[in-house]
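**Q** Read top to bottom, the protein sequences are chains A and B.
Taking numbering that gives the first Met the number 0, I'd label the letters of the first sequence as residues 0 to 244.
Taking numbering that gives the first Met the number 0, I'd label the letters of the second sequence as residues 0 to 308.
FYI, nobody ran anything at the bench for these hints, they're computed from the structure.
These figures come from a predicted structure and were not determined experimentally.
Just so you know, not all the hints are guaranteed correct.
Unchecked claim - With a Cα cut of at most 27 Å, we get these calculated DSS-like pairs of lysine-lysine:
| no. | chain 1 | residue 1 | chain 2 | residue 2 |
| --- | --- | --- | --- | --- |
| 1 | B | Lys-133 | A | Lys-16 |
| 2 | A | Lys-75 | A | Lys-243 |
| 3 | A | Lys-15 | B | Lys-133 |
| 4 | A | Lys-75 | A | Lys-122 |
| 5 | A | Lys-122 | B | Lys-133 |
| 6 | B | Lys-116 | B | Lys-133 |
| 7 | A | Lys-16 | A | Lys-75 |
| 8 | A | Lys-16 | A | Lys-239 |
| 9 | B | Lys-116 | B | Lys-136 |
| 10 | B | Lys-116 | A | Lys-15 |
| 11 | A | Lys-75 | B | Lys-136 |
| 12 | B | Lys-136 | A | Lys-16 |
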Amino acid sequence: MNSLIRLELTRALRNKKFLFFSVLYPAVLFLIIAGNADDTRMDGTGLTLATYMMVSMASFGALTAVLMGNSERIAKERESGWVRQLRLTPLPGRGYVLAKTAGAAVVSLPSIVVVFLAAAVIKHVRLDAWQWLALTGVIWAGSLVFAALGVAIGYLASGDAVRPVTMIVYFGLSILGGLWMPSTTFPRFLQDIAEWLPTHAYAALGRAVEESRAPHTTDVVVLAGYFVLFAGGAAWLYRKDTLKA
Amino acid sequence: MTTTAAPATSTEVVGFDQVTKAYGTVRAVDGLSLRLHPGQTVALLGPNGAGKSTTLDLLLGLRQPDAGTVSVFGTTPREAIVAGRVGAMLQSGGLMDDVTVAELVGLSCSLHPRPYKPSDVMARAGIAQIADRKVNKLSGGQAQRVRFALATAGDSDLIILDEPTTGMDVSARQAFWATMREQADQGRTVLFATHYLEEADAIADRVLVLHRGRLLADGTAAEIKARAGARRVSFDLEGTVDAEALRALPFLTALDVSGRTVRIQSADADATVHALYGLGVYPRNLEVAGLGLEQAFVAITEAEEARQS
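Here chain B stands alone, though its shape is the one from the complex:
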């Protein structure tokens, strides 16, 4: 499912070619190839341990691949950072203690070759009112906003965000994504890692699904959800169960019949349930539930394994 390797062009933002990184015997990233193009907002989706953080570390030159090559704007990650083309916030990125938010943002701006005004950066990140607060006295959500300010201190072309909304409540999360959308609207390429399917769905125009260090899916959020089977439908049937008729239901991606209990995964639960009634059966205890990301992964992985065998 990896993107076919296209010849590197000057407009290519990020290029991974057969990149592998192992810790001991665990392959955190396993033969990963991908390309990012300018202006895209890309979600890197995967459960914990899927290799998201390692992928970002490799992209930022914080780790070196065991095999394969990583290029950013046609150069090494480090050169791209030195040129000020990349702004990044990492989950593991700490903040300097004993300084104020304004001092830290000021530092970040002064290190950038094409800096913005610190007051503008703080206003945009929504931290202007906590400018004089000490960095070590911030809440988790505030610290995330400060990290975001550090990542957007200058005119960078690529913004990398590693699980940026960790520690934020729902409203802070919404405000954050509104801020981030402004970045994307200015034509920047944004790559963010998340394990929230909804975030990928709402924000990204391209979703990369990572599982055990491999790229499992690459497409729009709608395509990924369709592949995962977005909804689970379960019910009990009385009398005989006609599995063949059930299997023919529209948008069905998986079917499991045990006794009289039927469990279905559907890309469009409404249509599937509607058609179910059309079969002339009377389902009892009908439940329709969203498919969690973990289950979506199981669904995609199982489909992948079935396809390979």
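Looking at chain A on its own, in the form it has when it is part of the complex:
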């Protein structure tokens, strides 16, 4: 299985377009949004706009890498028959999904780090060492939720449907979850929706680290709930696909 992971990685790193969008794009977007931010604190937090958006964009970058990396590739490889071909090898059934997720996770790590670098070097965001480490860990681990979602979409949609479905989910979760702009700027009813979205809870965990406080239980529960939902859905869809050959 390690050999498959290795090959998935080589291939992910070879895909320049994918690398640009998942590694550089979030950092660029961060610099644009935090462009001429001053030191005003954001509503309800003790964070500056740059610090606030750093977590949003790092989360967004990780989301891009794992969601896009999994859904479209899986749908395409299911269709091409590569998934079938792999089932003729001793590779365990889950191995394919795990390799895909590992491949996506390796791309998501630099996308997080590049946003952090841009924030620290260009926007002079300062945090304690433990906070940088914890942030990286939390955002990286949290991206597994969306990796599972990507797998589920990859097994659910096929052919022409997979890209639009992924895009709708991707932009819907990013924007409504408040990754692009703070959800506090939304009208009331949208804020009510946003609070229950996995992306909102995901970024909230990172912000808790920045404010050096324990995360809200609601956010942890929401994110864990979505993980169970997505991973369960992915497992179910995977099994259904296997029976269908």
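On the provided structure of chain A, position chain B as indicated by the hints.
**A** Coordinates of chain B only, in the frame set by chain A:
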């Protein structure tokens, strides 16, 4: 015409027992029983829709039978694959994009419990010179060779090939079968599906004819062709046609007289035509043509139906 079920032995490679698989109301495989033994090169012959691909899917555990059992080396197909005893290339088997041929073959070797060296595997499959090419830039015939390399990445005892020469030109086809014969010569069991009668004829020492999910015939290529009536002979006769005399011609498997036109199917056209002249008649517009596989199937099916009624 199914092989009689023998007690399962440790030397049995594949065993199908009353296997049925339906898609909706269509029975793709219908009560199929067969056994494969070590060292055989077996052709699975049938027109499109005969159930070849479904049979191979069942054999490889990609689909589960609705009824009956499938065993490979006395275990489930999946266990046999995990043990590295089966190598397979499927028509529907895709290849990984954005990687080179060498990387893909390397992956396949590393997944096999008893792998060969990737360079050897590529040399044997005739793809050494395209090792650095991207998999998505291959021609149809090259991709088939890469699939073959994936199926022979390690020391497997059974090689399954689903219409392996699709997309190859004649010379590539010949080179491919030479490669495959080496596999068989090493004592492996090879099962390949094809709809080319010539391939079955030239390569296989056992031919299974599948039609509508049933095993219609099981024997050597010569036996199958004899049953199908290998050649068509047609001619016009002047004057009265003595159907009884024609029916007595040697190697004749079917006779159709309409007006003065006579159509014959013969297992040995040379002998039949020779005897025809011996009847003292003068056939005009004599034509001798090979029987296509489709027609061979019609011939076998008709014979089967006639036998049952």
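**Q** For every hint, state whether the structure bears it out.
**A** Here is what the structure says about each hint:
{"no.": "1", "hint": "B:Lys-133 to A:Lys-16", "in the structure": "holds (17 Å)"}
{"no.": "2", "hint": "A:Lys-75 to A:Lys-243", "in the structure": "holds (16 Å)"}
{"no.": "3", "hint": "A:Lys-15 to B:Lys-133", "in the structure": "holds (16 Å)"}
{"no.": "4", "hint": "A:Lys-75 to A:Lys-122", "in the structure": "violated (40 Å)"}
{"no.": "5", "hint": "A:Lys-122 to B:Lys-133", "in the structure": "violated (42 Å)"}
{"no.": "6", "hint": "B:Lys-116 to B:Lys-133", "in the structure": "holds (20 Å)"}
{"no.": "7", "hint": "A:Lys-16 to A:Lys-75", "in the structure": "holds (17 Å)"}
{"no.": "8", "hint": "A:Lys-16 to A:Lys-239", "in the structure": "violated (32 Å)"}
{"no.": "9", "hint": "B:Lys-116 to B:Lys-136", "in the structure": "holds (24 Å)"}
{"no.": "10", "hint": "B:Lys-116 to A:Lys-15", "in the structure": "violated (31 Å)"}
{"no.": "11", "hint": "A:Lys-75 to B:Lys-136", "in the structure": "holds (17 Å)"}
{"no.": "12", "hint": "B:Lys-136 to A:Lys-16", "in the structure": "holds (19 Å)"}
The structure does not agree with the numbered hints 4, 5, 8 and 10 stated previously, though it agrees with the rest.
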